[in-house]
Amino acid sequence: MTSTSTSIPLPGAKAPRRRRVNWEMWGWLYMRFSGVLLVVLIFGHLLVNLFLGDGVKAIDFAFVAGKLADPFWIVYDMLLLWLALIHGANGMRTIINDYARGRLRVVFLVLLAAATVSLLVLGSLVLTTFNPCPTGTPADLLPQFCSTL
Amino acid sequence: MSTEAAAKIRAPKIKPLKRPVGTLYRGREGMWSWVLHRITGVAIFFFLLVHILDTSLVRIWPEGYNVVIESYKTPIMGLGEIGLVAAIGLHALNGLRIIAIDFLRIGPRIQRLMFWIVIALWAVLLAGFVPRQLMHIFGGE
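So the sequences go chain by chain: A and B. All letters in the first sequence, in the order written, are residues 0 to 148 by numbering that gives the first Met the number 0. All letters in the second sequence, in the order written, are residues 0 to 140 by numbering that gives the first Met the number 0.
Simulated from the structure, these hints should not be mistaken for lab results. It cannot be assumed that every hint is accurate.
Okay, the calculated bits of chain A under chain B, using three or more residues with CB under 8 Å as the criterion [what the hints assert, rightly or not]: (1) 19 to 25; (2) 66 to 75; (3) 78 to 91; (4) 115 to 129; (5) 132 to 142.
Cβ pair distances, simulated, as ranges [said to hold, decoys possible]: (6) A/Ser4 x B/Trp33: 54 to 60 Å; (7) A/Ala14 x B/His50: 47 to 53 Å; (8) B/Phe102 x A/Cys132: 21 to 27 Å; (9) B/Phe102 x A/Phe71: 55 to 61 Å.
Restricting the straight-line Cα-Cα distance to at most 35 Å, the calculated cross-link-like pairs of lysine-lysine (DSBU-like) are [to be verified]: (10) B/Lys72 x A/Lys56; (11) A/Lys56 x A/Lys66; (12) A/Lys66 x B/Lys72.
None of the values given here were measured: they were computed from a predicted structure. Cβ coordinates follow ideal geometry from the N, Cα and C atoms, glycine included.
Between the sequences and the hints, there should be enough to build the whole structure, so can you do that?
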């Protein structure tokens with residue numbers, strides 16, 4: 000009997016496979032987790048801006064500036080911006096993949112990505128650099144606390 | 000069997016079905032909730048794009064923001080906001096139903112019941128919001 004060394008994998012041993020990130024699974028999971036958070040956040044957003052007080056009639060620069068002077072609303076709106084826009088963009092991606100084919104599909108996906116990224120950057124810049132009492136703006140447009148500064 | 004006898008045996012008449020059967024999905028609650036989820040989702044997405052753009056005016060042009068937001072207070076836009084809240088409410092409640100179907104053991108079995116619960120809660124939500132919005136839009140200053 001000649002001695003040979005051939006390695007035979009044990010029965011039931013896992014085939015060596017390259018581990019890849021399953022992006023579709025994470026996207027699926029993201030829709031559900033962000034969805035639950037968005038139900039709460041958007042309900043609060045609509046309650047404060049459309050339901051309580053004078054509703055939509057109360058909204059103007061002074062109203063928004065009064066809210067955004069509080070870091071709570073900066074964080075709140077930042078969460079809304081990122082969670083909602085990525086949730087919406089991922090939903091649109093699914094729909095584009097369902098209905099568009101070939102080059103048209105790629106064009107739609109590129110437009111979607113461009114719109115999403117630019118609005119995330121724009122919204123984040125607005126929220127992080129916001130000034131509730133900008134100089135050069137008539138005092139009657141500003142929230143009341145600006146006059147006491 | 001003679002040809003005479005065979006001619007007397009009439010084939011049973013098969014009525015063509017008026018609607019497709021044998022499917023739990025097509026034309027039923029499952030399909031329509033999917034259709035409504037897509038339509039409301041797309042509508043909300045395009046509103047979100049505009050909403051981020053108009054709100055961004057607060058950073059660069061307060062007067063301009065006030066001009067734009069005034070247009071949201073007109074009767075037509077006021078009715079549009081009812082449509083927006085209706086779309087968001089349905090998408091949110093049906094989204095929770097989808098999560099229940101995916102993560103609860105009994106979810107798939109009670110999906111049809113949950114659809115009607117979604118519709119009922121949606122009606123309650125709108126019964127609360129619509130009168131309030133009509134007061135804001137058409138009520139006095």
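Outcome of the hint check:
Interface restraint, the segment 19 to 25 of chain A with chain B: violated (0 residues with C-beta to C-beta distance below 8 Å; minimum three). As drawn, the segment 66 to 75 of chain A meets chain B at 1 residues by the rule of a beta-carbon pair under 8 Å; below three, the given contact is violated. By the rule of at least three residues with a Cβ nearer than 8 Å to a Cβ of chain B, the coverage given for the segment 78 to 91 of chain A holds, with 7 such residues. Counting residues of the segment 115 to 129 of chain A whose CB lies closer than 8 Å to any CB of chain B gives 7, which reaches the minimum of 3, so the coverage claim holds.
Counting residues of the segment 132 to 142 of chain A whose CB lies closer than 8 Å to any CB of chain B gives 5, so the stated coverage by that chain holds, three being the minimum. Evaluation of the 54 to 60 Å hint for serine 4 of chain A and tryptophan 33 of chain B yields a pass: the beta carbon distance comes to about 58 Å. Restraint check, alanine 14 of chain A to histidine 50 of chain B: a C-beta distance of roughly 50 Å satisfies the suggested window 47 to 53 Å. Hint check: phenylalanine 102 of chain B to cysteine 132 of chain A, Cβ distance near 47 Å, so the stated range 21 to 27 Å is violated.
For the pair phenylalanine 102 of chain B and phenylalanine 71 of chain A, the beta carbons lie near 31 Å from each other, so the given range of 55 to 61 Å is not met. For the suggested pair lysine 72 of chain B and lysine 56 of chain A, the alpha carbons sit about 6 Å apart, so the restraint of at most 35 Å is met. Between lysine 56 of chain A and lysine 66 of chain A the CA atoms are separated by roughly 16 Å; this keeps the pair inside 35 Å, and the hint holds. Under the criterion of a C-alpha separation no larger than 35 Å, the hint pairing lysine 66 of chain A with lysine 72 of chain B is consistent with the structure, at around 19 Å.
Of the numbered hints listed earlier, those contradicted by the structure are 1, 2, 8 and 9.
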